[in-house]
Amino acid sequence: MIYRATGVINFAQGSLVVLGAFLTHQFAVRMGLPFVLAVLLAMAVAAGASMVIERLVLRPLVGQPLFASILVTLGLVFVIEQLCAAIWGYDVVLIGDPWGVRTLAAGGVTVKLLDLWSLGLTAVVVAGLFTLFRRSTLGVAMRAAASDPEAALAHGISPRTIHALSWGIAGAIAVIAGILSSAGPKGVDLTLGLVAFRAFPAMILGGMDSTEGAVAGGLIIGLTEVMTAAYVTPSATWLGGNFHIVMPYLLMILILIVRPYGLFGTAEVRRV
Amino acid sequence: MKRLRNLRLTIRYEDDLVLFRTRLAKTGLVLLLAVGAALPLLLGDFWITILVHAGIAAVGAIGLNILTGFTGQVSLGHAFFLGIGAYAAAFLAGRWNLPFPIWLIGGAALGGVIGGLAGPFALRLRGHYLAIVSLGLLFLGNHVFEHWTSLTGGLTGTAVSAPVAIGSFDLGNLRGVGLPLTRNQGFFYFTWAVVLVLGLAARNLLRSRPGRALQAVRDRDQAAEVIGVSLVHWKVGAFVVSSGYAACAGAMYAAFARYVSPLDWGLFLSIQYVAMIVVGGIGSVAGSILGALFLTLLPHLVEAASSRLPFVAATGSRGGITVFTLNQMLFGLLIIGFLLWEPLGLIELGRRLKRYFGAWPFSY
Chain A
520 MIYRATGVIN FAQGSLVVLG AFLTHQFAVR MGLPFVLAVL LAMAVAAGAS MVIERLVLRP
580 LVGQPLFASI LVTLGLVFVI EQLCAAIWGY DVVLIGDPWG VRTLAAGGVT VKLLDLWSLG
640 LTAVVVAGLF TLFRRSTLGV AMRAAASDPE AALAHGISPR TIHALSWGIA GAIAVIAGIL
700 SSAGPKGVDL TLGLVAFRAF PAMILGGMDS TEGAVAGGLI IGLTEVMTAA YVTPSATWLG
760 GNFHIVMPYL LMILILIVRP YGLFGTAEVR RV
Chain B
890 MKRLRNLRLT IRYEDDLVLF RTRLAKTGLV LLLAVGAALP LLLGDFWITI LVHAGIAAVG
950 AIGLNILTGF TGQVSLGHAF FLGIGAYAAA FLAGRWNLPF PIWLIGGAAL GGVIGGLAGP
1010 FALRLRGHYL AIVSLGLLFL GNHVFEHWTS LTGGLTGTAV SAPVAIGSFD LGNLRGVGLP
1070 LTRNQGFFYF TWAVVLVLGL AARNLLRSRP GRALQAVRDR DQAAEVIGVS LVHWKVGAFV
1130 VSSGYAACAG AMYAAFARYV SPLDWGLFLS IQYVAMIVVG GIGSVAGSIL GALFLTLLPH
1190 LVEAASSRLP FVAATGSRGG ITVFTLNQML FGLLIIGFLL WEPLGLIELG RRLKRYFGAW
1250 PFSY
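If you read the protein sequences in the order shown, they are chains A and B. For the first sequence, the working numbering gives the first residue as 520, with consecutive numbering after it. For the second sequence, the working numbering gives the first residue as 890, with consecutive numbering after it.
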C-alpha cells in the first residue's frame, strides 16, 4: 500500500499492526467502549500516528538513497514496539472483540464466526483498495506521485498530501489487520509484529507495485505453506520440522530469479 | 601562509590515495595502538569481554560496509554469513582438530564461497527486492542451522572447542607460556589484531582500483558497466569479500564464546550490523569500527547507568520502561536520528570537527 503511493517499503507495517491491536485493547477493554467504536477510534489514532511518523521521519528522507528509507522503517520497528511495551507491557492482552470463540453451523459445516468476519473484512479492504487505486482520482494521484513525483507536482498533485494520506490509510488498515489477527482468545503481544515479515514474500512474489499481485501472492504463499505442512514435511523429515514456515521464502527466491519483478509487477525500464 | 600549508589540502589525485594523509594520522594510529594495548591491563574482565565482542563486531561491520557502504547492495542477510563462519569454525576446529590459522581462514573462505553463490541474486534484483531476498536467505539459513542437527546441534546449540593456538602458544591459556594474562586479555589482543589487519586490508582494497569500481557500481551501475566495470565481477566480488569478513567474525565469535546456538544468527543481528555501519559511517572502514564499538558498548553503558535513572522500572510485564525497552528504543532512535541528521555517521562528525579546527579561525 505504502509502496504503491510513496515508493518506500515499510518494514514498520507490522509494528503498526501491533500498535493497532493494542490501541483497540486500550479503548475496548481498559476504557470499556463498545467494540466498534473502539476500533474506529483506534483506526483514527493509528492513522494519525502514521501521518506523524511520515511527516517527522520519512519526509526528510525524500530524495535520499533507497536504503535510508528501508533502514529508517527498520528503526521505527524498534521504537514503536518498545513504546507499546512501555505502555502496555510484554504480556498477552485481550482486545475485547465480540466474536470470541463462537461458531456458526451451516449445512453441516461449522465455521468460527471470527473466520467469517476475517474473510469478509479482508475482502472489503482488498476490494476497497483495488477500487481506490484503479478508479478514484485519489488512487490515480497516488500512483502518479509514486512513479514520478515531479511530473505529478506539475499536474497539481501534491506528493506531500498523498504521502501523508497513504500512510494514514495504511495505519488504519493496520488496525484491521491487528484486530483480525489477535481477536478471540489469542490476544495480542509484541510477537504479532513478526507476522508482517511473513507478508513480504506474498507482496514481493506478486510484484510490489501491484494490488492484484499482492492478493495472488498471498494466496500462492498461503496455499504453498499449508500444502507443504500437509504433504512435504511429514514425508521428508530431513528437511526439518517447521519446513513449511520457510517454504514461502524459498518459493519467493526461486520465482524472483526467474522474474525479478514478481509475477504481476511491471518491469522497471531503465534508460541510460 | 605557513598555517595554510599545514592544512594538507587535497591538491593532487595522489592525496586521495595515500593510506595516511598526514604524519599526525600515523602518530594517531600509533597512539591508539598504545592505548589499545594498555586497555586490557587496566579494565576489568567484564569490560574486556565486551570489547572483544566489539572487535568481533567490527570485523563483521567492515564486511557489511564493503557490501552496503561501498557497493550499495542492501543486505539483511549478514547474520547468516556470521553463522556460517561460526559453524565452520566449530566443525573445522572441533571435529577435524585443524590448527588455528586454518580454521579461521577456512571459515572465512567458506563464507566467501557461499557469499559468492548468493551474489548472483544481486545481479538480477535491485533495491527493495534484494533487501527482501536477503531477508529470505537469512530465514532459510536459520532454518538450516536449526535443523541440521548433526552439524549444529539443533536448537540446543553446539559446544565449540576452537583453540587459538600456534604450537604451545595458546591465547586461551597464556599462563602456560609464562605470560600473566587471562583468556579474555589474550582474546582481546587477538581480536583487535585481526581488526587491525582486516581493517587495513579493507582500507587498502577500497582506496585502490577495486574500491573505485565498487563505488562506481554503487553510484551509477549502468554508467559503470558502460565504461567497462563488470557488474558481474564486482557485485559478486563484493559479496564474496563481505561474506568472508562476516564468516571470519563468526568464527572468532564461536572460538571466544565456546558455544554456538542457531538463535544467535537471527534478523536482529543483521539489523544490528546495519545499524553499526549507519551509526559509525557508511562507506568508511574506521566508521565501521567506531559504530561496532559504539553499539556494542551502548547497552552495557545504559545498563550501568540505569540504576541512576528514576524512570527505569525493574520489570516490564505491566508496562513501564525496563533497561531492555530503553535499549531497544535508543537503538531504533539512533538509527533514525543518524539517518535523518548525520547520514554519514559518527565518522563524519569527527571529520567535520577536524575540518573546522584545521582551518581555524576560518569556518570553511
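Since the hints were derived computationally from the structure, they do not count as laboratory data. Yeah, the Cβ is synthetic: ideal placement off N, Cα and C, and Gly gets one too. There's no promise every hint is true.
[What the hints assert, rightly or not] Below, a sample of chain B positions facing chain A; criterion: calculated Cβ distance under 7 Å:
1. A1020
2. V1022
3. H1032
4. L1158
5. I1160
6. Q1161
7. V1167
8. V1212
9. Q1217
10. F1220
11. L1233
12. L1235
[Said to hold, decoys possible] Quick list of simulated restraints, FRET-style, between CB atoms:
13. A:A749 / B:E1231: 48 to 58 Å
14. A:A749 / B:R1241: 52 to 62 Å
15. A:V659 / B:E1114: 31 to 41 Å
16. B:Y1245 / A:L640: 50 to 60 Å
[To be verified] Negatives, chain B to chain A, calculated, CB over 10 Å:
17. V963
18. F989
19. V1002
20. R1013
21. L1014
22. G1117
23. Y1245
Q: Please flag the earlier hints that this structure goes against, numbers listed from lowest up.
A: As far as the earlier hints go, 4, 6, 8, 11, 12, 17, 20, 21 are violated by this structure, in ascending order.
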